[in-house]
Amino acid sequence: MDKTWNNKAWFMVLPVLLLVAFSAVIPLMTVVNYSVQDTFGNNQFFWAGTEWFEEMLHSDRFWQAMARSLIFSFVILAIEIPLGIVIALNMPRSGWGVPVCLVLMALPLLIPWNVVGTIWQVFGRVDIGLLGYVMNALGVDYNYVNDPLDAWVTVIVMDVWHWTSLVVLLCYAGLVSIPDAYYQAAKIDGASRWSIFRHIQLPKIRRVLLIAVLLRFMDSFMIYTEPFVVTGGGPGNSTTFLSIDLVKMAVGQFDLGPAAAMSIIYFLIILLFSWVFYTVMTNSGSER
Amino acid sequence: MLELRNVTKTVAGADHIRDVSLTLEHGSLNVLLGPTLSGKTSLMRLMAGLDAPTSGSIWFDGRDVTGVPVQKRNVAMVYQQFINYPAMTVYENIASPLRVAGADAARTDREVKRAAELLRLIPYLDRMPLSLSGGQQQRTALARAISKNAGLVLLDEPLANLDYKLREELRAELPKIFAETGAIFVYATTEPQEALLLGGNTATLSEGRVTQFGPTIEVFRRPKDLVTARTFADPPLNTVILRKQGDSFQLDGGALPVPAGMKAIPEGTYAIGFQPHHLRATRPNADAIVLPAKVLVTEITGSESFVHVQFADVRWVMLASGIHSYQPEEMIEVFIDPRHLMVFDHEGRAVQPAPKAAA
Amino acid sequence: MARIDLDHIRHAYGPNPKAPSDFALKQVNHSFKDGGAYALLGPSGCGKTTLLNIISGLLHPSHGRLLFDGHDVTDLSTQERNIAQVFQFPVVYDTMTVYDNLAFPLRNRGVPEAEVDGRVRETLAMLGLSERAGSRARRLTADDKQKISLGRGLVRSDVNAILFDEPLTVIDPHLKWVLRSQLKQLHRRFGYTMIYVTHDQTEALTFAETVVVMYDGEIVQIGTPDELFERPSHTFVGYFIGSPGMNVMPVELEGARARLGSQIIELPFPPANASGRIELGIRPEYVRIGRSGLPVRVTKVEDVGRHKIVRASLEGREIAAILGEDETLPADARVSFDPVGINLYQDSWRIETGV
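So the protein sequences, as listed, match chains R, S and D.
So for the first sequence, full-length UniProt numbering puts the first residue at 1; every next one is plus one.
So for the second sequence, full-length UniProt numbering puts the first residue at 1; every next one is plus one.
So for the third sequence, full-length UniProt numbering puts the first residue at 1; every next one is plus one.
Just to be clear, a hint being listed does not mean it is correct.
[Unchecked claim] With a straight-line cut-off of 27 Å between C-alpha atoms, the simulated DSSO-like cross-links for lysine-lysine are:
1) S:Lys176 x S:Lys113
2) R:Lys204 x R:Lys187
3) S:Lys224 x D:Lys308
4) S:Lys165 x S:Lys176
5) S:Lys165 x D:Lys26
6) S:Lys165 x D:Lys300
7) S:Lys165 x S:Lys224
8) S:Lys176 x D:Lys308
9) S:Lys176 x D:Lys300
10) R:Lys8 x S:Lys72
11) D:Lys18 x S:Lys165
12) S:Lys263 x S:Lys224
13) R:Lys187 x D:Lys33
[Stated by the list, open to error] What the simulated footprint calls covered on chain D by chain R, stretch by stretch (three residues with Cβ under 8 Å from a Cβ of chain R suffice, anywhere in the stretch; the number is not a length):
14) 84–91
15) 94–106
[What the hints assert, rightly or not] Sample of chain D residues facing chain R (criterion: CB under 8 Å; computed from the structure):
16) Lys18
17) Ser56
18) Ser62
19) Arg65
20) Thr74
21) Leu76
To be clear, the hints were calculated from the coordinates, so they are not data collected in a lab.
We put the CB at the ideal spot given by N, CA and C, even for glycine.
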């Protein structure tokens with residue numbers, strides 16, 4: 001922009017640039033390097049070209065993992081976003097209830113990923129877990145270790161429990177910033193609860209909502225720790241998402257080439273979605 | 001002395017400021033008058049160094065400061081919103097620029113007291129800004145601008161968010177405060193009345209251009225063009241487009257005499273303008289012209305009446321002293337003294353009366 | 001349209017109000033006539049917006065009753081009261097077109113679409129927005145947005161009253177003139193009951209037939225613009241209305257004369273037996289400047305275009321006077337008071353003289 005200029009600012013950005021270079025750019029380049037070569041150990045590498053990429057794109061295993069990841073992301077978005085909005089709409093706007101609700105909402109967000117996984121792993125167990133035991137005692141045949149559907153339900157419920165709060169907090173921040181006059185005008189215009197939501201609240205929280213969708217999509221699409229701790233990707237491959245598959249391939253089987261190619265495809269997909277969201281967001285801003 | 005030389009500012013292809021040249025003296029009060037989006041804030045941002053001009057240069061006390069960022073200039077700014085540090089007392093708020101400048105305790109205290117005294121804030125020095133009324137909050141912001149001892153103080157519609165009466169009080173005090181500090185003051189407003197009450201110099205702005213700059217009352221009485229006259233009129237300027245023929249402007253049902261000193265201007269179409277208070281309900285003197293007009297709406301303020309009338313196919317406002325309870329649609333007679341007519345040619349430039357000797 | 005009665009309305013924002021200072025609205029009894037144009041005028045914090053919100057039903061008063069045409073509506077919701085309100089900042093529904101914005105209040109009430117269309121088109125024409133009907137509301141300028149806010153009130157033919165809460169704050173001065181005279185014409189044509197809240201005396205006086213001046217939670221005077229100007233019943237009204245406000249100076253009464261310091265002012269009427277703190281009020285418009293009268297020291301002359309404001313010191317007190325555009329200040333200026341403009345105040349309230 002044509003604001004006033006001061007070159008000193010660049011020196012202040014330098015440490016961050018170095019940090020990003022070391023933490024992101026260099027590892028990414030390593031991955032690119034792996035993805036176009038083959039190795040049989042001993043640090044001997046052979047040029048492989050696009051072979052790994054072709055193999056990946058023709059592999060059922062990859063596409064299945066990808067499908068699972070996408071389905072998982074869309075299911076949790078379909079649950080967390082509406083649920084988050086509903087909770088945010090019903091949170092108090094003033095009084096002692098506000099801090100209480102905010103703390104309650106923030107609690108799940110403060111728990112580390114692997115702990116969340118462990119909690120639900122134990123919670124759902126049929127022998128000692130409260131949830132698993134009670135379900136079976138009530139006659140529901142629930143066992144996430146054997147039944148793929150139960151495993152999916154458990155992972156989804158866990159994610160909803162862990163992350164809906166984030167959507168709630170973002171939406172709440174958006175809602176409280178709407179001036180009172182809008183609600184007063186709507187009352188005077190005789191608007192129903194639904195009209196108020198549809199014509200005032202939704203348009204005004206649209207931007208934070210897009211941020212919430214973006215964050216939740218990226219996060220859920222890359223989810224690893226929790227399902228790994230709870231189901232380890234099973235039963236069978238039923239909860240093996242892209243990230244879990246990637247680790248299995250790279251660390252478990254030491255197939256560095258295909259794993260690297262997969263990482264890059266994975267990275268590009270996330271980039272693509274982020275770009276789409278970004279474009280949508282900036283466009284909705286420029287309409288003003 | 002702040003000097004703007006042919007300053008232009010273009011943002012994304014749109015001209016925000018067009019070829020502005022202005023010279024502002026130390027100890028002067030300069031009003032930027034114009035409607036919303038006429039470029040007042042853009043011009044202030046350029047003066048402050050918040051933005052750099054696309055072309056042209058800015059000089060301060062003989063030094064080229066074009067592109068020098070605001071941090072390196074000694075500038076203070078006051079905005080329409082009441083901007084103070086909410087977690088600091090009024091005293092600390094006023095002291096903050098001095099602390100930044102590294103003034104010692106004794107000097108800080110002296111300067112804070114002086115600024116607080118000027119703005120009548122002495123009783124509130126220990127209070128938090130948000131516990132004060134809007135007027136006092138804005139006084140705090142003004143005091144902070146004063147204590148900074150800036151060479152240039154920019155005020156962007158500082159009274160717009162205050163109650164009418166508080167505005168009146170503060171407006172009466174401001175010129176005195178300005179006169180004491182010796183800085184260059186620039187004051188943006190949308191209200192012609194405010195410019196007149198502040199006095200000093202006025203630059204009228206329209207679509208990013210300064211249309212006229214000079215002593216406020218001069219600009220008001222003798223606008224150089226129609227745009228300036230319109231900008232500097234509240235209620236809005238009354239205008240009518242007429243053909244000059246011989247010694248008169250032709251009208252349906254009569255004629256307006258061409259004012260003395262303008263008789264020699266070429267025949268043709270002219271825009272005639274005059275201020276609403278120059279349209280009278282009673283004959284002011286023998287020279288006055290009488291015109292028939294139809295009343296549209298009458299607004300009464302208690303001491304004066306704003307009578308909206310229709311004359312031929314134009315709408316005028318008459319600001320008449322006293323109470324006139326006309327009925328809508330009523331036909332009345334209105335009077336104008338030809339001395340008060342302003343004449344503009346087809347390009348909107350004011351036709352200057354010939355010097356008295358020649359007339 | 002309806003008559004609106006305020007019956008002993010009091011309001012406090014906090015719980016358990018006791019002292020008078022706990023009340024934002026101390027005690028209000030007033031009737032707004034059907035089809036009248038009213039202004040509530042006062043400084044910020046005087047309770048005018050509180051009163052407006054009580055009428056619209058956005059606030060429930062702590063005490064008292066509100067009647068529309070004699071029916072108690074105190075406990076009715078905003079919707080049930082059927083009123084329209086325009087706020088300080090324009091409220092538009094961003095995602096809707098201008099047309100849909102105006103149709104919104106009608107559709108919410110289940111008005112048939114054919115009638116909606118007729119009403120909306122008529123209102124758009126009235127506000128000069130017909131060409132914008134199809135454009136998105138968020139792209140409009142502040143004054144067009146405010147016209148939409150207004151239009152959503154006008155489109156409902158059956159409203160009991162239209163309330164305005166400082167509606168011209170964000171509008172440029174030139175457009176204020178246009179919108180204000182439009183409002184006035186609308187009032188005349190359709191006879192809405194209108195209540196207009198403002199701190200701006202010009203807006204209040206020009207808009208309303210009756211102005212209600214409020215100060216510190218109470219009504220201090222109700223009157224026509226000229227009553228408020230000529231006979232302010234409280235020194236606050238004298239100060240608040242008029243620019244500059246009324247000159248108020250402490251005097252001592254001596255029969256039909258008032259003593260101001262060492263000067264004597266002849267009074268046009270014999271004051272009744274007054275006691276307490278006596279003040280004389282005279283508006284700058286009634287202070288005559290000439291070569292005879294009370295000696296003053298002129299401190300400043302402000303030329304504000306259509307007249308000059310002369311600031312002078314009279315017996316050590318500042319006094320303002322108005323001098324015409326073409327008049328000049330005499331060298332040894334003296335002031336005299338036009339008897340018509342003299343008012344006397346006892347403990348800040350006007351002494352009735354029967355004039």
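Against the structure, the hints come out as follows:
Between S:Lys176 and S:Lys113 the CA atoms are separated by roughly 17 Å; this keeps the pair inside 27 Å, and the hint holds. The straight-line distance between the Cα atoms of R:Lys204 and R:Lys187 is roughly 17 Å, inside the 27 Å bound, and the hint therefore holds. Restraint check: the Cα-Cα separation between S:Lys224 and D:Lys308 comes to about 23 Å, which is no more than 27 Å; the hinted pair holds. At roughly 18 Å between alpha-carbon atoms, S:Lys165 and S:Lys176 fall within 27 Å of each other, so this suggested pair holds.
Pair hint S:Lys165 plus D:Lys26 holds up; C-alpha atoms about 23 Å apart against a cutoff of 27 Å. Between S:Lys165 and D:Lys300, the direct Cα distance comes to roughly 20 Å. Compliance with the 27 Å bound is thereby established for this hinted pair. For a cut-off of 27 Å, the pair hint linking S:Lys165 to S:Lys224 is broken: about 33 Å separates their Cα positions. Between S:Lys176 and D:Lys308, the direct Cα distance comes to roughly 18 Å. Compliance with the 27 Å bound is thereby established for this hinted pair.
Taken as a hint, the S:Lys176 and D:Lys300 pair is honoured in the structure, with Cα atoms around 11 Å apart against an allowance of 27 Å. For the hint linking R:Lys8 to S:Lys72, the alpha-carbon distance of about 14 Å falls within 27 Å, and the restraint holds. In summary, the hint linking D:Lys18 to S:Lys165 is not supported, as the alpha carbons are separated by about 31 Å, beyond the 27 Å threshold. Of the pairs offered as hints, the one joining S:Lys263 and S:Lys224 holds, with about 19 Å between alpha carbons and a cut-off of 27 Å not exceeded.
A distance of roughly 25 Å separates the Cα atoms of R:Lys187 and D:Lys33; the hinted pair therefore holds under the 27 Å criterion. Only residues whose C-beta sits within less than 8 Å of a C-beta in chain R count toward coverage, and the region 84–91 of chain D has 6 of them, enough to reach three; the restraint holds. With 5 residues carrying a beta carbon less than 8 Å from a beta carbon of chain R, the region 94–106 of chain D meets the three-residue requirement, and the given coverage holds. Interface restraint check: D:Lys18 against chain R, minimum CB-CB distance 22 Å, threshold 8 Å, status violated.
Below 8 Å, beta-carbon pairs count as interface contacts, and D:Ser56 has one with chain R at about 7 Å; its hint therefore holds. For D:Ser62, the interface hint is violated, the least distance from its beta-carbon to any beta-carbon of chain R being 19 Å, above 8 Å. With 8 Å as the threshold, the beta carbon of D:Arg65 stays out of range of chain R, its nearest partner Cβ sitting at about 21 Å, so the hint is violated. Annotation: D:Thr74 was flagged as interfacial toward chain R, and the flag is violated, the nearest CB pair being 17 Å apart, outside 8 Å.
Violation of the interface hint for D:Leu76 is found here, the shortest Cβ-Cβ separation to chain R being roughly 12 Å, above the 8 Å cut-off.
In summary, the structure is inconsistent with hints 7, 11, 16, 18, 19, 20, 21 from the numbered list given earlier, while agreeing with the others.
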